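Peer 1: For reference, the chains in residue letters:
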Amino acid sequence: AQSVAQPEDQVNVAEGNPLTVKCTYSVSGNPYLFWYVQYPNRGLQFLLKYITGDNLVKGSYGFEAEFNKSQTSFHLKKPSALVSDSALYFCAVRDNRGADGLTFGKGTHLIIQP
Amino acid sequence: NAGVTQTPKFQVLKTGQSMTLQCAQDMNHEYMSWYRQDPGMGLRLIHYSVGAGITDQGEVPNGYNVSRSTTEDFPLRLLSAAPSQTSVYFCASSRLFSETQYFGPGTRLLVL
Chain A
1 AQSVAQPEDQ VNVAEGNPLT VKCTYSVSGN PYLFWYVQYP NRGLQFLLKY
51 ITGDNLVKGS YGFEAEFNKS QTSFHLKKPS ALVSDSALYF CAVRDNRGAD
101 GLTFGKGTHL IIQP
Chain B
1 NAGVTQTPKF QVLKTGQSMT LQCAQDMNHE YMSWYRQDPG MGLRLIHYSV
51 GAGITDQGEV PNGYNVSRST TEDFPLRLLS AAPSQTSVYF CASSRLFSET
101 QYFGPGTRLL VL
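Chains as they are written, first to last, in our numbering: chain A, 1 to 114; chain B, 1 to 112.
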């Protein structure tokens, strides 16, 4: 069975500072890893994904994530936070061997303070 | 190109009532799925389909039925609604063996 852990319910960062939202995963095969963002009363928007290749993945709105196979982690990062980055962030994993849906973490509220 | 659409946006039901949540996509995606989102629990997979005529259960299928008669549509049926089914429901689609799922705007369901 596949699983995702987001250890922080909430992350607070001052505007202009770097941010990190943590994610660890567990799958039987090779992982497909994703980050999605959800703004209030909206659906989920795709940010970035890791399938294969370079461990550092760049995505939308200046976000990036680093795949670390030995630590089974896929942390989301941004060098300089904006107030508009405040939202709910979900990490998700999918086993590359099956047709199952995504397994999501519980989500992390990111709050950027002016 | 509307992407993934869901109707209704909001619904109130009484316990025991039935209803169907509609989901449609115009991207010719083969893979479609239904999730429910509850506070502090992330999104949990209810049912999914890898093509017309093929459906399978996800993590939390009890109390829900699905069918897939066309590539475009994937309705979710609640046969006898219960308060525990109060949630926000999201439909998603992707190309089979592709990885990025596209989500609809969601249906907020309240069961009294």
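Don't read these hints as lab results, they were simulated from the structure.
Among the hints, erroneous ones may be present.
Distance ranges between label pairs, derived from CB positions [said to hold, decoys possible]:
(1) Q22/B x R42/A: 15 to 21 Å
(2) N65/B x P7/A: 34 to 40 Å
(3) E59/B x T20/A: 24 to 30 Å
(4) G63/B x T72/A: 29 to 35 Å
(5) L79/B x S3/A: 25 to 31 Å
(6) G53/A x G3/B: 25 to 31 Å
(7) S80/A x N65/B: 22 to 28 Å
(8) M41/B x Q71/A: 45 to 51 Å
(9) P7/A x D38/B: 45 to 51 Å
(10) G51/B x A14/A: 24 to 30 Å
All figures in this text were calculated on a predicted structure; none of them were measured in a lab.
Where is the CB? At the ideal position from N, CA and C, for every residue including glycine.
Peer 1: Each hint: holds or not?
Peer 2: Results of checking the hints against the structure:
no. : hint                      : verdict
1   : Q22/B x R42/A: 15 to 21 Å : holds, 19 Å
2   : N65/B x P7/A: 34 to 40 Å  : holds, 36 Å
3   : E59/B x T20/A: 24 to 30 Å : holds, 28 Å
4   : G63/B x T72/A: 29 to 35 Å : holds, 33 Å
5   : L79/B x S3/A: 25 to 31 Å  : holds, 30 Å
6   : G53/A x G3/B: 25 to 31 Å  : holds, 27 Å
7   : S80/A x N65/B: 22 to 28 Å : violated, 48 Å
8   : M41/B x Q71/A: 45 to 51 Å : violated, 25 Å
9   : P7/A x D38/B: 45 to 51 Å  : violated, 19 Å
10  : G51/B x A14/A: 24 to 30 Å : violated, 48 Å
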